[in-house]
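Peer 1: For chain A, the structure is supplied; the task is to place chain B on it using the hints.
Given next are the chains, with one letter for each unit.
There are 2 protein chains.
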Amino acid sequence: MSEPRLDFWFDFASTYSYLAIMRIRPLAAACNVAVRLRPFLLGPIFKAQGWDSSPFKIYDAKGRYMWRDLERLCADLSLPFHRSDPFPQNGLMAARLALVGFDAGWGDAFCESVFRAEFGEGRRIDDADTLTDILKSLGIDATQAFQAALADANKARLRAQTEEAQRLGLFGAPSFVTPDGELFWGNDRLEDALAWAQRTSRSS
Amino acid sequence: MSEPRLDFWFDFASTYSYLAIMRIRPLAAACNVAVRLRPFLLGPIFKAQGWDSSPFKIYDAKGRYMWRDLERLCADLSLPFHRSDPFPQNGLMAARLALVGFDAGWGDAFCESVFRAEFGEGRRIDDADTLTDILKSLGIDATQAFQAALADANKARLRAQTEEAQRLGLFGAPSFVTPDGELFWGNDRLEDALAWAQRTSRSS
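Chains as they are written, first to last, in the working numbering: chain A, 23 to 226; chain B, 23 to 226.
Isolated chain A (complex conformation) (with noise of 0.2 angstroms):
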């Protein structure tokens, strides 16, 4: 039997991936799942499919209930909420540090952080006040985190991430994704995919 693992990709713009990230890590423990945090961009993705923007920015009544549905789900789950403005915003270089704190063990906090920054606080994740504020709460010497994400290593990192997302059949954040191929899409189908890892990692 090996252990039970999933993949959890996120763009830091995904509204719904803010609910996920925050429910994840209990979820994950109470049923010994190990996850793995995968940040990718979705504009590429969103390109391939002929937009320039979120579909919830190009589909107003779907951008209304999106931003609706998601104060209720908030209050649901006692998560705090603010509409992001401008949305969506560019979580490119909250991407490229995420890579380089989980070489360094805090990539999986900060990514918590930012998303709580962005949706539960308000703030712009695209200012790098925002992430330099982060990274020192968290202990991170800032200076040198920013350096080492903007190294040419670590964008094509972040760039071949973002392809294997594409090649997986990734279409929208968050997703999750098990060992065997297993694809989940939405925060609604957090359950199902851990359920799904357990189930497949008894049978191998």
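Hints are not guaranteed to be accurate.
Copies of the same chain look alike in the list, so a pair counts if it fits in one copy or across any two.
[What the hints assert, rightly or not] Computed cross-link-like contacts, DSS-like style, restricted to lysine-lysine with a CA-CA straight-line distance of at most 27 angstroms: (1) Lys177 - Lys69; (2) Lys69 - Lys79; (3) Lys177 - Lys158; (4) Lys84 - Lys69; (5) Lys158 - Lys69; (6) Lys158 - Lys79.
The hints are simulated quantities; they were obtained by calculation from the structure and are not laboratory data.
Note that the structure is predicted; figures quoted are calculated from it, not measured.
Peer 2: Here is chain B on its own, set in the frame of chain A:
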């Protein structure tokens, strides 16, 4: 205290509406919510968003995922599943017949049977034979029902219902709307919509 009520909006071509219609009756009964079925046409609504077909048809990765997701969900619910071909199917005549049926008392059973034929048995619901078989199985005079469905006033009624859906901000199906105008989109929100309908009826 008013009776808890919920409007269930759907298009007969909608895959996730199959799940919702198969689930809604026992769930609504368990919490005493009166459900009104409101068929409408997604075509004009998709057109207003710039789509000439279902987004599952236009966006490949999204479409591939939807069929896999539906297959998994049907398995969980022990519901028969057949991938409908062609997809999406034209549900115009089924919707017109449903409106006739609501007045005559066989509308709800007819709607369930149409979805079961389409996604449970893989039959074509744009085929008059399928619809005739369903009507007969419910003990309805099919010739009379078709005549009533094709009356100008009935056609106008379906157009008006679709316009109402658009005014309510609907952008997909299934959608659920409570008497106080709260919108819930998707089979995944059925339980939330029922709970909302209950809560608001208690406080009114």
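Peer 1: Taking the hints in turn, state whether each one holds.
Peer 2: Here is what the structure says about each hint:
1. For the homomeric pair Lys177 and Lys69, the shortest alpha-carbon distance inside one copy (19 angstroms) is at most 27 angstroms, but the shortest distance between copies (39 angstroms) is not.
2. For the homomeric pair Lys69 and Lys79, the shortest alpha-carbon distances inside one copy (14 angstroms) and between copies (17 angstroms) are both at most 27 angstroms.
3. For a Cα distance limit of 27 angstroms, the shortest separation of Lys177 from Lys158 inside one copy, 22 angstroms, qualifies, whereas the shortest one across copies, 64 angstroms, does not.
4. Both within a single protomer and between protomers do Lys84 and Lys69 lie at most 27 angstroms apart by alpha-carbon distance, with minima of 18 angstroms and 14 angstroms respectively.
5. For the identical chains of this complex, Lys158 and Lys69 are neighbours neither inside a copy (34 angstroms) nor across copies (49 angstroms), given an alpha-carbon limit of 27 angstroms.
6. For the homomeric pair Lys158 and Lys79, neither the shortest alpha-carbon distance inside one copy (33 angstroms) nor that between copies (47 angstroms) is at most 27 angstroms.
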